[in-house]
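Enquirer: From first to last, the protein sequence lines stand for chains A and B.
Going by this note's numbering, the first sequence opens with residue 799, and the numbers climb by one from there.
Going by this note's numbering, the second sequence opens with residue 344, and the numbers climb by one from there.
Just so you know, these hints were derived from the structure itself, not from any lab.
Virtual Cβ for every residue (Gly too), placed ideally from N, Cα, C.
Please note: incorrect hints may appear among the correct ones.
To be verified - Quick partial rundown of chain B residues pointing at chain A, CB under 8 Å, derived from the structure:
1) 402
2) 429
3) 656
4) 663
Claimed, not checked - In silico DSSO-like links for lysine-lysine, alpha-carbon gap of 30 Å or less:
5) 992(A) with 935(A)
6) 989(A) with 884(A)
7) 1082(A) with 390(B)
8) 989(A) with 935(A)
9) 390(B) with 1078(A)
10) 1078(A) with 346(B)
Unchecked claim - A partial selection of chain A residues facing chain B, derived with a Cβ cut-off under 10 Å:
11) 921
12) 922
13) 941
14) 976
15) 980
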Amino acid sequence: MAVAARKSKAPAQPKAAARPAKATPASSNIATFTREEDLHAYREMLLIRRFEEKAGQMYGMGLIGGFCHLYIGQEAVVIGMQMASKDGDQVITGYRDHGHMLACGMESRGVMAELTGRRGGYSRGKGGSMHMFSREKNFYGGHGIVGAQVSLGTGLAFADWYRGDNTVSMTYFGDGAANQGQVYESFNMAKLWKLPVVFVIENNRYAMGTAVNRASAQTDFSKRGVSFGIPGEQVDGMDVRAVREAGLRAIEHARSGKGPYILEMQTYRYRGHSMSDPAKYRSKDEVQRMREEHDPIEQVRARLVRDFKIGEDDLKAIDAKVREIVNDAAEFATHDPEPDPSELFTDILLEPAQG
Amino acid sequence: MAKMTMIEAIRSAMDVSMGRDDNVVVFGEDVGFFGGVFRCTHGLQQKYGVSRCFDAPISEAGIVGTAIGMAAYGLRPCIEIQFADYMYPAYDQIVSEAARLRYRSAGDFTCPLVIRMPTGGGIFGGQTHSQSPEALFTHVSGLKTIVPSNPYDAKGLLIAAIEDPDPVIFLEPKRLYNGPFDGHHDRPVTAWSKHELSEVPEGHYTVPLGKAVTRREGGAVTILAYGTMVHVALAAAEDTGIDAEIIDLRTLVPLDLEAIVTSVSKTGRCIVLHEATLTSGFGGELAALVQEHCFYHLEAPVMRVTGWDTPYPHAQEWDYFPGPARLGQALRDIMEAR
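Modelling step: build the complete structure from the supplied sequences, incorporating the hints.
Expert: Following this line, the structure appears as structure tokens:
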């Protein structure tokens, strides 16, 4: 039988080789941060880290039900991009979304309370971890279906262009989502119509439990737009300065009317895909090496101490402040009441006006 | 015989089928190296190699589309869509290609394809990880749709599906993977090992498509159920003491109409039960069939007990879920109805 004869050949399964984060050539001479910029990046990234650690704990305690995809390890991506963006620029992402919300300035309380499914959550308990929004902060979700947000982000960019707002849509997705067909439909339309969108591909090297090279024929995601003529570059996504610099370039390109731009952020998630994932598809050494050699927060912390002579006490004060915010959010999310049963039936369609 | 959970029984069905037929291939997201997020394909890649059990990119339309091509050229793909909620990008391929290949080619080409999908709530996944989209498949001519309720049926039905000459949608209730969940979410979960239907032959056997089974005989009212809801129905009958006859449909298309008509003609009352939303749900089809075929036996209007017409909520899963309390109330109501 033809099939049996091919057993050893198709489909090719490359070895799950763990490659260390490639330091892009640019990272050696990227623009340095000022003291204030490094302090800002440190604070913001630490908030995400501590928030996610707390969410992980609360999940373990049974306070958070369902899904919870932690952003730990990837903090530099969204913070660097936010440092490159302007007010009014939109953010849209997939289900690993807590970090993006905090980076957009959404309140820790409201995010945590949505994780615990409470009244004070951003979606009043209707959405959960993967489905949250804030019009005020230009955060367009929080989407649980892999890759589905990429077309939406392209539509946001069309609206940016149509309304003449001079704003840019920052559309985030992962290396896994990059294999969805609608991503390429979006690339085509974005380029065809020269839409102001930056496609930020967060390549954390694992699409759920499958290593990049097991699922992707072209693992250089910056080249995924080549056939559409969309420029792209690989960025050291563990270095917040490299992210901001590339982000400035990409956003300027999009804002100036030249159309879409692709940034492949080479990053790494320390935790499993979700809370139920023991991450047995990679070695502990690999994770340990990333933590020790490439941690985005430790890089900034080291610079603060070395270049700006920030003392331990000052760093501890920042840490304490961040913990206070996170503990307050956890406290709120634990004691905020659950949604009223009637809430089940609201917000499905616009209610007819009463009387 | 061995004691199996639903997961083990499903895995065993694929194992047996792959062992018997080289044309059976298994793939999907995280299915190969990782063994599936619910572990249904664990160990199959080691046993059968990477050309017969392998990982696919996150590309549902592409996964289903390539599987249809494989099936048209003589293979028997048994593919996994990680959650039924992820099926929508592939829906065009399922409806326009898989379901229509035989008709379009006047029988020249066929599509012996099985698409496995975990369905229903149970893990607080909210709107994108909890839906029960069976009616979207039963509405499509050219597809068969199965929802097993226990390990024995799951294995026998899955083998039958893999051996079936046409495309089959195989919906696996997530709530049942590890135990016969009866809707009493405030009680400890019982394990499959304590349930008689976890006794599963290790080798080959089939459960025929289109055959319902009576899970509880009774004379007062017929409950039509499938998947998780079979266990909810058993619990509600127990809780209320109402002598319900519980029919486990097992396959929705083809449907065992004879079993339904026989039971409802005997009891004169019928409740249709499913976790999916009410409007245009499969329960509407069942209620219509009962009305057409049993009208002169009915002593009360056919009732539907289902999920509400809302998106699947995150925090309020138990307000949404039609558990034993809601069904129990319906049982009392239908017994009083005239």
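Enquirer: Checking one constraint from the list: CA of residue 989(A) to CA of residue 884(A), max 30 Å. Satisfied?
Expert: Given pair residue 989(A), residue 884(A) holds - Cα atoms ~22 Å apart, limit 30 Å.
Enquirer: Have a go at the residue 429(B) hint: is there a Cβ in chain A nearer than 8 Å to its own Cβ?
Expert: holds (7 Å)
Enquirer: Run the distance test for residue 992(A) versus residue 935(A): straight-line Cα separation, threshold 30 Å.
Expert: This hinted pair holds, its Cα atoms lying about 25 Å apart.
Enquirer: Hold the hint about residue 921(A) up to the distance rule: shortest CB distance to chain B must be less than 10 Å.
Expert: holds (8 Å)
Enquirer: Less than 8 Å between beta-carbons is the criterion; does residue 656(B) satisfy it with respect to chain A?
Expert: Status holds, d = 6 Å.
Enquirer: At a threshold of 10 Å, is the proposed contact between residue 941(A) and chain B supported by beta-carbon distances?
Expert: With a closest approach of 8 Å, the residue 941(A) hint holds.
Enquirer: Verify the interface restraint on residue 402(B): the C-beta must sit less than 8 Å from at least one C-beta of chain A.
Expert: holds (5 Å)
Enquirer: Please verify that hint: residue 980(A), Cβ, nearest Cβ of chain B, below 10 Å or not.
Expert: Cβ of residue 980(A) sits 7 Å from chain B, so the hint holds.
Enquirer: Go through the hint on residue 976(A) and say holds or violated, using the shortest Cβ distance to chain B against 10 Å.
Expert: Nearest chain B Cβ about 8 Å off; hint holds.
Enquirer: Does residue 989(A) pair with residue 935(A) here, judged by a C-alpha cut-off of 30 Å?
Expert: Given that 30 Å is the threshold and the Cα spacing comes to 27 Å, the pair holds.
Enquirer: Check whether the Cα positions of residue 390(B) and residue 1078(A) lie no farther apart than 30 Å.
Expert: holds (19 Å)
Enquirer: Does the structure keep residue 1078(A) and residue 346(B) at a Cα separation of 30 Å or less?
Expert: holds (27 Å)
Consistency with the previously given hints is maintained throughout, with no hint failing.
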